[in-house]
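**Q** The lines below spell out each chain.
4 protein chains.
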Amino acid sequence: MIRFECDYAEGAHPKILQKMMETNLEQTPGYGVDVYCESARKKIKELCGNDELDVHFLVGGTQANMTVISSILRPHQGVISANTGHINVHETGAIEATGHKVLTVASADGKITAKQVKEVYEGHWNDVTHEHMVQPGMVYISHPTENGTTYTKPELEALSKVCKECRLPLFMDGARLGYGLKAHGNDLTILDIAALTDIFYIGGTKVGALFGEAVVITNEDLKKDFRYLIKQRGGMLAKGRLLGIQFDVLFNDGLYFELSEHAVNMAMIIKNAFREKGYEFLYDSYTNQQFPIIPDDKLEILSQKYSYSFWEKADERNTAVRFCTSWATREDDVKSLVSDIASL
Amino acid sequence: MIRFECDYAEGAHPKILQKMMETNLEQTPGYGVDVYCESARKKIKELCGNDELDVHFLVGGTQANMTVISSILRPHQGVISANTGHINVHETGAIEATGHKVLTVASADGKITAKQVKEVYEGHWNDVTHEHMVQPGMVYISHPTENGTTYTKPELEALSKVCKECRLPLFMDGARLGYGLKAHGNDLTILDIAALTDIFYIGGTKVGALFGEAVVITNEDLKKDFRYLIKQRGGMLAKGRLLGIQFDVLFNDGLYFELSEHAVNMAMIIKNAFREKGYEFLYDSYTNQQFPIIPDDKLEILSQKYSYSFWEKADERNTAVRFCTSWATREDDVKSLVSDIASL
Amino acid sequence: MIRFECDYAEGAHPKILQKMMETNLEQTPGYGVDVYCESARKKIKELCGNDELDVHFLVGGTQANMTVISSILRPHQGVISANTGHINVHETGAIEATGHKVLTVASADGKITAKQVKEVYEGHWNDVTHEHMVQPGMVYISHPTENGTTYTKPELEALSKVCKECRLPLFMDGARLGYGLKAHGNDLTILDIAALTDIFYIGGTKVGALFGEAVVITNEDLKKDFRYLIKQRGGMLAKGRLLGIQFDVLFNDGLYFELSEHAVNMAMIIKNAFREKGYEFLYDSYTNQQFPIIPDDKLEILSQKYSYSFWEKADERNTAVRFCTSWATREDDVKSLVSDIASL
Amino acid sequence: MIRFECDYAEGAHPKILQKMMETNLEQTPGYGVDVYCESARKKIKELCGNDELDVHFLVGGTQANMTVISSILRPHQGVISANTGHINVHETGAIEATGHKVLTVASADGKITAKQVKEVYEGHWNDVTHEHMVQPGMVYISHPTENGTTYTKPELEALSKVCKECRLPLFMDGARLGYGLKAHGNDLTILDIAALTDIFYIGGTKVGALFGEAVVITNEDLKKDFRYLIKQRGGMLAKGRLLGIQFDVLFNDGLYFELSEHAVNMAMIIKNAFREKGYEFLYDSYTNQQFPIIPDDKLEILSQKYSYSFWEKADERNTAVRFCTSWATREDDVKSLVSDIASL
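Residue numbers (the working numbering), protein chains in the order written: chain E, 1 to 344; chain A, 1001 to 1344; chain P, 2001 to 2344; chain S, 3001 to 3344.
Simulated from the structure, these hints should not be mistaken for lab results. Be a bit skeptical, because a hint or two may be false.
Partial list, computed: chain S residues near chain A (C-beta under 7 Å) [as the list claims (entries may be wrong)]:
hint	residue
1	S3070
2	P3075
3	H3124
4	E3131
5	H3132
6	N3219
7	K3223
8	R3227
9	Y3228
10	L3229
Capping the alpha-carbon separation at 30 Å, the derived lysine-lysine pairs in DSS-like fashion look like this [unchecked claim]:
hint	chain 1	residue 1	chain 2	residue 2
11	S	K3223	A	K1224
12	E	K42	E	K335
13	A	K1115	E	K313
14	E	K115	P	K2298
15	P	K2042	P	K2118
16	S	K3115	P	K2313
17	S	K3305	A	K1161
18	E	K15	E	K313
19	P	K2019	A	K1015
20	P	K2224	E	K161
21	P	K2161	E	K223
22	S	K3118	A	K1164
23	S	K3224	A	K1115
24	P	K2015	A	K1019
25	A	K1118	A	K1042
26	E	K313	E	K277
27	A	K1223	S	K3043
28	S	K3043	A	K1224
29	E	K115	E	K42
30	E	K19	S	K3305
31	E	K224	P	K2164
32	S	K3305	S	K3277
33	E	K313	A	K1118
34	P	K2042	E	K223
35	P	K2313	P	K2277
36	S	K3118	S	K3043
37	P	K2115	P	K2042
38	A	K1305	P	K2118
39	S	K3019	E	K305
40	E	K313	A	K1015
No residue lacks a Cβ here, since even glycine has one placed at the ideal position from N, Cα and C.
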């Protein structure tokens, strides 16, 4: 079975394991204040063009989301998110478990617009009973989204502008950030993201690391006591250097971007194969996740050799599924898939 | 200004204040174990035809909802509710503040169906990633709903059946229960409700009391330690007898039902007046809340003399509003309103 | 049985019920924005000598404590309290249920000192692992304490000074505030309290009202969105005027202080009776709660006619108990008790 | 600088890294259902002599503690713990953040007794106001404790018996379990622990792994839906196999015990060196943590070459400190330290 069902099926890029081996018996202080974390922080700050950023390393995405969101909101506030947002559907209520409502806005592709944020904000404050409702307190977006779609620079600028006007911190979940930055047609740089969001994270788990998300805080007001929150939510790794080493290697000589580019290229080849076959796509993605709509009898054939994720029934005879590539996807596997698609 | 904007504009039925006066200097133990609470409990048990019920008196609706829901769910569970449910929109995230997600289902009239509950339940358990999603743990309905609509007996029976099959406790918010029981065309008795739900409450605040909701627990499994939860959520009134006295008076000689009937009758007169004028209604309510859609220029005229609640814009020239009656609504005020409607 | 077991055995001062009767059928807006609440707010602001205060009316003490504390702290912060503090022992973990630890300091009499606060604060920040510990975020005191003791003006000034230095908001639970202000030997005025604390409340439940606590916010930073928090925690009374009316009456012509003085005078008579009998006291209280240590055989005699609260066994043959007076205590009952004490 | 300040200064045992390397590019399903997790589970079940156990792998100790505790307690319940317990002092209020109070009992050495548990339990239920207090809902112990002390088999049997009588699940934090099992004089086996506790965990982070704790659930009632809780609290690692591989290696041919024994042997040598020097110990530990009380001038000398943790001032001229060994401690470093101690 060749796996295309997710982007975390393998371990880590060999350079990361290599570095872990080399440094294994060094003695370092715990909890993320070692030299490897420092080095990784320095590289990330340079990459973001801002030395005043705070950078923290957390183990995973749900942990990062709940730690960030609960560190920002007051008890009566909620977080605006697309209804399809990961925090709304796939984190077992982790946000609610910290006491906060996810305020959803409808989204067809996983993205939300500046206009929607404005409407939620004004809808709240214009309602005479607003004290009886959860107050919008921040905005959550994912980039790329859970559907593989990405924000353009003008879209993110518009969101950022509205958020500033409404005093709503803008938080970007970048669990697959690299795949967004290397998406075909993308016009957003990490410099833009650092400038336009208040807090975001650079996903490692799905982009070459064993695990790990680098949370970057750009808004001065959100920095205070963040390490307490990491500890309280269970995210302070004793051997913090494991996270430092991984991001240090990933941001050495652009490895992170190289790996991201590879995954996107592999995905584009697959996308093309499905397109040439005349299949439609559930979402128009240029990142590592592709959502072709496939006749059920053809899917049956593919499933004998390849794994993928079921997404939804498109109609009685067709199914939308997800094929994922990653930094680790082998070109031979893609070639094999493409050939099998062609002969469906 | 004659107020029809809500059903809590006045104090309490005079008999309640009278009884408070008479008993004012009696010394009783605190926290709801006095003779008045006991007497009220006895009457409610009789009314529900079940001596094994637990009855607790709480101060208000949001308090009752959050105390009940957080007493039942485990941390990873959520409560199924109509998207229009009070817990979802008008309690400032009180449920989420106790750690739980409200799992909404779409509703045009405020009600949810057995089919919807089944779908949410099966949708959850059939999803291979269900452990990444909030598990449905109970069902919340309001009767009458926030839109004045009511469940029929077959509808409640169907809900009850599905809930039992799915092991989801069924909780009825009865903040306006009396107005539902006396709704024109209603076929549900309080005996039915006690038999078909696992826990419900009898609203006092909006039906003749100064304040107070009587929570009735019919499901043995939900009874344990409920008083701890009341205390923890801030709902254990030191002078608990104030609640006991009120419900004792309300359930003396059927006062509660008499007051409810009055409000509904007043509402039906108003409904009729709007209908005769040819106005449509946003919801088809036979309870104390009426939602006529009124041309803006006509509404302007009414608003000089009467208060009501804005509900939503129906279109550019018409607005849906809410007129509420209550146990305290004066016949003369209704006559005056009807006459003014007729001459719009 | 004559009850001295608590200070909430009766209803309310008759003037309060009278006013409720008179205003019963008036129509007012809900949720605390009616004319009675406004009038009561105005009187409290005048009393505190500060027109910029925010005043909110809540139903009970536990509700007030949890609403106030959870509105102030960030998730990683806790509240410093005496180990005997009501929030630490008698609120079923209401504070923890909002996510916060109670950071206790040892107290023999229920009070805490400026020195203790300083020690906790410095102990935290001097510990190199402080990020692994709950950060002190505010200070809770009760006045009078659960043991009937009171802070002197110099003590409160010292606490206030340390709190300001450490940027820890100082919160005073005044569930029995009137009895403290009228304590024999007391040198603290309500003006002092308004000047020296950041937030406090004036207890109504135990001092003449049916129920109700008036939360006074003096610190500008703590005012924002407080009504949302009241609603979320279940404390926003639909018929808010019930609270307004009560405090309006209590602060009319000094009724609150008159009632408080009566209770304290009654308590001093009882204290004196026990003292003359040669009994010791568990706490040296000059407020409405008295804690005599009584030989078990003598207590047996008293218990046939009077109720009191068990506090703790002093030794094998003696028991410390609590006798409470209140605004409603009848002089005849006190005389009877005194006479029976004398003849023990 | 030679580090003895903690037991997480190095990476992992080389065999673990080796296995990660070898399996790095294998594709496995995520979230802990891969073959490595299955294999590790099987070994742990065998070790515990019970095939019906549930075994889950979490990333760290605080995460394990808060996930376990919040999965067991109802909202009004708290967890009994020594005042020195890790959950009470060094987890930034993680337990309170899930809504629960830590009910502390005094402990001189970090252990609690069956008698203490019984007293807390009976103290609660005998108090007439118990509904106003947090209900004891489970018991937390650590073995070895934060002070390096360990429970004897009779002590654990007594605790287990009382817990069963009081229906309080017994939870053992085994972050350093290996070092307890290999403590000199220890009479407890992992079979005993699996039989006597309801849930416990086998610490990996401090005993040879990069990170990871294996939670073992022996009580059938506590198993339900545990994976939801792991996900909600942020502990479900996408690449779950990383945890499986580590524990699979650790429980291959007894590596875990071998590593534990090494650390304890190293600690005993250090203990002996201090003892021969005539120094006292703050706690009488036979595990990998040693707490000698050292004259400040001598400590000054040691600190030029060795790191350790400050524990507390013993008196004006002496300080209690902690020296930790681990699976990674080098014999040469210990020899050097012993020699330097001898010549102090």
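**Q** None of the hints should be skipped; say for each whether it holds.
**A** Hints, verified against the model:
no. : hint               : verdict
1   : S3070              : holds, 6 Å
2   : P3075              : holds, 6 Å
3   : H3124              : violated, 11 Å
4   : E3131              : holds, 5 Å
5   : H3132              : holds, 6 Å
6   : N3219              : violated, 16 Å
7   : K3223              : violated, 13 Å
8   : R3227              : holds, 5 Å
9   : Y3228              : holds, 4 Å
10  : L3229              : holds, 6 Å
11  : S:K3223 to A:K1224 : holds, 21 Å
12  : E:K42 to E:K335    : violated, 39 Å
13  : A:K1115 to E:K313  : holds, 20 Å
14  : E:K115 to P:K2298  : violated, 77 Å
15  : P:K2042 to P:K2118 : violated, 36 Å
16  : S:K3115 to P:K2313 : holds, 20 Å
17  : S:K3305 to A:K1161 : violated, 73 Å
18  : E:K15 to E:K313    : violated, 40 Å
19  : P:K2019 to A:K1015 : holds, 16 Å
20  : P:K2224 to E:K161  : holds, 24 Å
21  : P:K2161 to E:K223  : holds, 28 Å
22  : S:K3118 to A:K1164 : violated, 38 Å
23  : S:K3224 to A:K1115 : holds, 27 Å
24  : P:K2015 to A:K1019 : holds, 16 Å
25  : A:K1118 to A:K1042 : violated, 36 Å
26  : E:K313 to E:K277   : holds, 19 Å
27  : A:K1223 to S:K3043 : violated, 42 Å
28  : S:K3043 to A:K1224 : violated, 39 Å
29  : E:K115 to E:K42    : violated, 36 Å
30  : E:K19 to S:K3305   : holds, 27 Å
31  : E:K224 to P:K2164  : holds, 19 Å
32  : S:K3305 to S:K3277 : holds, 19 Å
33  : E:K313 to A:K1118  : holds, 19 Å
34  : P:K2042 to E:K223  : violated, 40 Å
35  : P:K2313 to P:K2277 : holds, 19 Å
36  : S:K3118 to S:K3043 : violated, 35 Å
37  : P:K2115 to P:K2042 : violated, 36 Å
38  : A:K1305 to P:K2118 : violated, 60 Å
39  : S:K3019 to E:K305  : holds, 27 Å
40  : E:K313 to A:K1015  : violated, 61 Å
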